[in-house]
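Enquirer: Using the sequences and the accompanying hints, generate a full structural model.
Counting the sequence shown from 1 gives a position; the numbering used here is that position plus 94.
Honestly, the hints are just simulated from the structure, not real lab data.
Where a beta carbon is used, it is the ideal one built from N, C-alpha and C, also for glycine.
Wrong hints could be hidden among the right ones.
To be verified - Quick list of in silico lysine-lysine cross-link-like pairs, BS3-like style, CA-CA up to 25 Å:
1) Lys368 x Lys214
2) Lys319 x Lys308
3) Lys378 x Lys449
4) Lys240 x Lys214
5) Lys387 x Lys449
6) Lys111 x Lys319
7) Lys457 x Lys444
8) Lys170 x Lys368
9) Lys444 x Lys395
10) Lys97 x Lys308
11) Lys240 x Lys97
12) Lys387 x Lys376
13) Lys97 x Lys319
14) Lys395 x Lys449
15) Lys400 x Lys376
16) Lys457 x Lys274
Stated by the list, open to error - Here are the in silico distance ranges between beta carbons for each label pair:
17) Ala272 x Met415: 18 to 26 Å
18) Thr345 x Leu314: 35 to 43 Å
19) Pro375 x Glu437: 21 to 29 Å
20) Arg199 x Glu437: 25 to 33 Å
21) Val389 x Asp137: 25 to 33 Å
22) Arg199 x Ala272: 18 to 26 Å
23) Ala354 x Glu437: 38 to 46 Å
24) Gln403 x Asp137: 40 to 48 Å
25) Asn455 x Ser361: 28 to 36 Å
26) Lys368 x Gly317: 43 to 51 Å
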Amino acid sequence: MNKQTPLNSAHRQLGAKIVDFAGWDMPLHYGSQIEEHHYVRRDAGMFDVSHMLAVDIEGPGAAPLLRLLLANNIDKLQQTGQALYSCMLNPQGGVIDDLIVYFFRADFYRLVVNAGTADKDLAWITQYANDVKSTINAATKTVTIKPRRDLAIIAVQGPNALVKTWQALNGSEAASSALKPFSAAWCDDVMIARTGYTGEDGFELILPATQAEKTWNALLEAGVKPVGLGARDTLRLEAGMNLYGQDMDETVSPIESGLAWTIALDSARDFIGKAALPSSPKQKMVGLVLLDKGVLRAHQKVFTTKNEQGEITSGSFSPTMSQSIALARVPIQVAYGDTLDVEIRDKRLKARVVKPPFVRNGKILA
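Expert: Below you can see the structure in the form of structure tokens.
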């Protein structure tokens, strides 16, 4: 039997089409995936992302542990509530998961990890937490790993997301109106983070599961539309954001997944996977816009003019652009503006190489 989020009954009451996603019952859409996509680009939509897992890491050993585990450097986090996007790598330099880490105190960090990798992540983090305890003075470097399945997560995204969130949640405007992107604050026991996965402004609310349905309904009353996983995928693709398991995984380095900017190599700090990162990668991630009629999909083959091969990792029709777009891993020498061939149903169709994102804050960039 699949797991259910605290909002499962609310989704069913709204007539959501429920599907299996990473072992969870999740809403695919509430009637029209295309309309839900446009809600977020033009107004405000909300997603139940409670299948993702918040993990609290506390104690004097928290910072040493995260310096070891993450390819990005948590020492960049100097102010309470600051957030950082990072990959967690295996010793071969492949991506175990991509995540966000929030800094609240020198001995308290919160990670938000993906649903499909949560159990694996916890085992990995716990393994190295034990190593930190054994290699550094255990009396002063203790660390506690606490998975927070008692919490729910609601993402509110779109040009009107901030105002409608403030309307729905008493006290949230005072707590969050000064928040910069990639930072978080507390409103009573609700963590409000100015982060998201859509290319639009908005908040991600991490709150007690017991408050989830009341908060969801308050957002509905404020005019925020419910949005399912289908539109979440087209929104993140337009925003040029990777999906774990498609655009990167344990067999591929972040450098070959368009995530070199998330790797901090500017210090002597060592981290798991650092030594294995390729100094001269043979492939890179680019965006594609299909010039012919058709739909770009994951695993379709891509060919350069010299017949060198790449592969689409994520592809779909873009509701905002009314074109088919994709992320693709291609030979390193491919340049923006090049035209490549994509093999679709035994035909080769033309696609233009662009630099993601395709859409950001409602504007078409590609």
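Enquirer: Would you list, in rising numerical order, the hints stated earlier that this structure does not obey?
Expert: 12, 17, 20, 23
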